[in-house]
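Visitor: So you can see what is in the structure, the chains are spelled out below.
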Amino acid sequence: MEHGERKVQKKEAQTPMEAERTRNQKVYAPAVDIYEAKEAMVVIADMPGVDDKSVDITLDKNVLTITGTVEPASYKGYSIVHAEYDVGDYERAFTISDEVDRDRIEASVKNGVVRLTLPKAERVKAKKIAVKTG
Amino acid sequence: MFWPEVWRFGGVTEPMREIQRLQREMNRLFSGVFQPFSRDFPPVNVWVGEEDAIVTAEIPGMDPGKMDISVVGDALTLSGAREREVLKEGESYHRQERSHGHFTRTMQLPLKIDADKVEARYDKGALRITLQRAEADKPKKVAVKSA
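These protein sequence lines are chains A and B, in that order.
Position 8, counted from 1, in the first sequence is what the numbering used here calls 9; the numbers after and before it change by one each time, with no gaps.
Position 37, counted from 1, in the second sequence is what the numbering used here calls 54; the numbers after and before it change by one each time, with no gaps.
Treat the hints with caution; some may be incorrect.
[Unchecked claim] Stretch by stretch, here's where chain A covers chain B in the computed footprint (C-beta under 8 Å, at least three residues):
id, region
1, 106-114
2, 128-142
[Unchecked claim] With beta-carbon atoms standing in for the labels, derived distance ranges:
id, chain 1, residue 1, chain 2, residue 2, range
3, B, Glu68, A, Tyr86, 22 to 30 Å
4, A, Ala94, B, Gln149, 39 to 47 Å
5, B, Thr123, A, Arg103, 43 to 51 Å
6, B, Ser96, A, Glu123, 44 to 52 Å
Everything labelled a hint here was simulated from the structure, so no lab data went into it.
Remember, it's a predicted structure, so these values are computed and weren't measured experimentally.
Each residue gets a CB set at the ideal place from its N, CA and C atoms; glycine is no exception.
Only chain A is shown next, with the shape it has when bound in the complex:
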């Protein structure tokens, strides 16, 4: 090795390792409303700029992850004069219990609002028990 040659710097890794995104784009957590209906849980997330092709909903073990990718609009020939918000992808994850019937989860997207219906599994629905006399 020659005198004065710089050694290759090794970057220290983060422990515990956090999974990074491959795209270098800002990620936001969308605002959600969650309410419980008789037969299902409903999750509504505000994700402007997302349509049914760019939303990804995955259920892995007990974690439900909602991801939306947004193409930031680029206006060629225009210059930004006033900026109040930034555009980025959306991601938010929730832990759901076993009470959800995973095979019947439904999702729809309209006007940038993602709506997830998580039906409750049969055994969790409160069963009315008939009381017999005698």
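Position chain B against the provided structure of chain A, taking the given hints into account.
Guide: Okay, now just chain B, sitting in the frame of chain A:
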């Protein structure tokens, strides 16, 4: 991407304006008039080109027919309402983070507009308003003559 904060704290005189704005916000907060959709909803971005200007805002879940966009002089007014999801008997909220209600925003644009040629498009929850610049206000190239 651009950071909106940089635009606010532009120069030495900006902090004073920020403090005043903060004071106004605090006053409004304590006067009880504060609503979920405050005066400055929705946040907008303004792009300016040679022929036209584009104003964008993110307002998901709106009915395009129920939004009101009007231009008077160089002021653009945007208003609309988003209804709260009506829950049936026995249903209850676990979390409520999304805003709802009525909003109105009037903003002064930094250029003169031709009010007859305003177009608006609502796609995937993002509103894009294209405004044609008034003829008199378009940048004009000046030829430099040599003496």
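Visitor: If you look at each residue in the region 128-142 of chain B, do at least three have a Cβ nearer than 8 Å to any Cβ of chain A?
Guide: The restraint on the region 128-142 of chain B holds, since 3 of its residues have a Cβ under 8 Å from chain A and three suffice.
Visitor: Okay, Ser96 of chain B versus Glu123 of chain A on CB: inside 44 to 52 Å?
Guide: Distance hint for Ser96 of chain B, Glu123 of chain A holds at roughly 46 Å.
Visitor: Three residues or more, CB to CB closer than 8 Å: is that satisfied between the region 106-114 of chain B and chain A?
Guide: Answer holds; 8 residues pass the 8 Å Cβ test.
Visitor: Range hint 22 to 30 Å: satisfied by the CB atoms of Glu68 of chain B and Tyr86 of chain A?
Guide: For Glu68 of chain B and Tyr86 of chain A the Cβ distance comes to about 24 Å; the hint holds.
Visitor: Please check whether Ala94 of chain A and Gln149 of chain B have a Cβ separation lying inside 39 to 47 Å.
Guide: 44 Å, holds
Visitor: Does the Cβ pair Thr123 of chain B, Arg103 of chain A satisfy 43 to 51 Å?
Guide: Given range 43 to 51 Å: holds, Cβ gap about 48 Å.
Hint compliance for this structure: no hint is broken.
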